[in-house]
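The task is simple: from the sequences and hints, build the whole structure.
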Amino acid sequence: MVVLDIHKQRLLRSVDIARFQMECQMERRFLSPLDVIRVLNREKISFVLVGAYGLSGWMRARATEDVDVVVAGRQVPKAVRTLIAEFPWLRPDDAEVVVRLRDIESNAVAIDVMKPIQPPYRDIFKHTKKVTLSKIVHRIPSLEMALVCKFAPMISLMRADERKFQDASDFMEMVKSNTEIDLETLAELGDLVYNGGGKEIVEMVRKVRAGEKLTF
32 MVVLDIHKQR LLRSVDIARF QMECQMERRF LSPLDVIRVL NREKISFVLV GAYGLSGWMR
92 ARATEDVDVV VAGRQVPKAV RTLIAEFPWL RPDDAEVVVR LRDIESNAVA IDVMKPIQPP
152 YRDIFKHTKK VTLSKIVHRI PSLEMALVCK FAPMISLMRA DERKFQDASD FMEMVKSNTE
212 IDLETLAELG DLVYNGGGKE IVEMVRKVRA GEKLTF
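Following our numbering, the numbering of the sequence shown begins with 32 at its first residue and continues without gaps.
What follows is a set of in silico ranges between Cβ atoms, one per label pair, in the way DEER data are often shown: (1) 117 with 225: 31 to 41 angstroms; (2) 108 with 245: 30 to 40 angstroms; (3) 233 with 138: 34 to 44 angstroms; (4) 63 with 122: 12 to 22 angstroms; (5) 245 with 109: 38 to 48 angstroms; (6) 138 with 63: 16 to 26 angstroms; (7) 243 with 211: 18 to 28 angstroms; (8) 200 with 125: 27 to 37 angstroms; (9) 103 with 163: 14 to 24 angstroms; (10) 52 with 208: 19 to 29 angstroms; (11) 117 with 245: 32 to 42 angstroms; (12) 128 with 157: 12 to 22 angstroms; (13) 63 with 200: 21 to 31 angstroms; (14) 37 with 139: 23 to 33 angstroms.
Below 30 angstroms or equal to it, Euclidean Cα-Cα: the simulated DSS-like pairs (lysine-lysine) are: (15) 160 with 195; (16) 207 with 244; (17) 39 with 157; (18) 75 with 166; (19) 75 with 39; (20) 160 with 230; (21) 230 with 207; (22) 207 with 157; (23) 75 with 161; (24) 146 with 109; (25) 157 with 146; (26) 146 with 75; (27) 160 with 109; (28) 195 with 238; (29) 75 with 157; (30) 157 with 195; (31) 195 with 244; (32) 146 with 160; (33) 39 with 195; (34) 160 with 207; (35) 109 with 39; (36) 157 with 230; (37) 160 with 238; (38) 146 with 230; (39) 109 with 157; (40) 230 with 244.
Worth flagging that the hints you see were computed from the coordinates, not collected in a lab. Note that beta-carbon positions come from the ideal geometry of N, C-alpha and C, so glycine has one too.
As structure tokens, this is what we get:
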């Protein structure tokens, strides 16, 4: 329960930071994850809040400019239609693994609707925690799944270096902030990314705890 209370507090803090930052920039509209959650819940769409908002309870709150959700495969088209109807200033940009909902004026991504077709998102619905915020219930990744959600892009050959550094920073923050990591579960989830990934991610946790440098 304590972890989930921290998640609520840090989610709200992340929202405040992001709103302030984007209002100062005056370049794009701010969209709260709470509004996205309300819309998806109203339409009974199964989803998990991921990205910086979804992982905020496992690390320090920080700003992010978009809302990331993994939506159950069959409900992805419905989720996209619903969100566009609710926020008509968005347009869909459909890619293989994600539908990016972009601001019509700025072209900036406001919502990423992730398709659960690649690891670790393919198995994310099996590893979640429920959070209640102002009577609004939503799911976030479990601690171990949250770590794997950072591990996968961190080791990807397709990920830009600056994004990898942010992933690594978030990963280290989560390890340092949470002593209760289930290493056996973490290894199992790491192997979903690639055969041998479980061993690598557990070794990364050891290095962070020992104050050693991460290499990826």
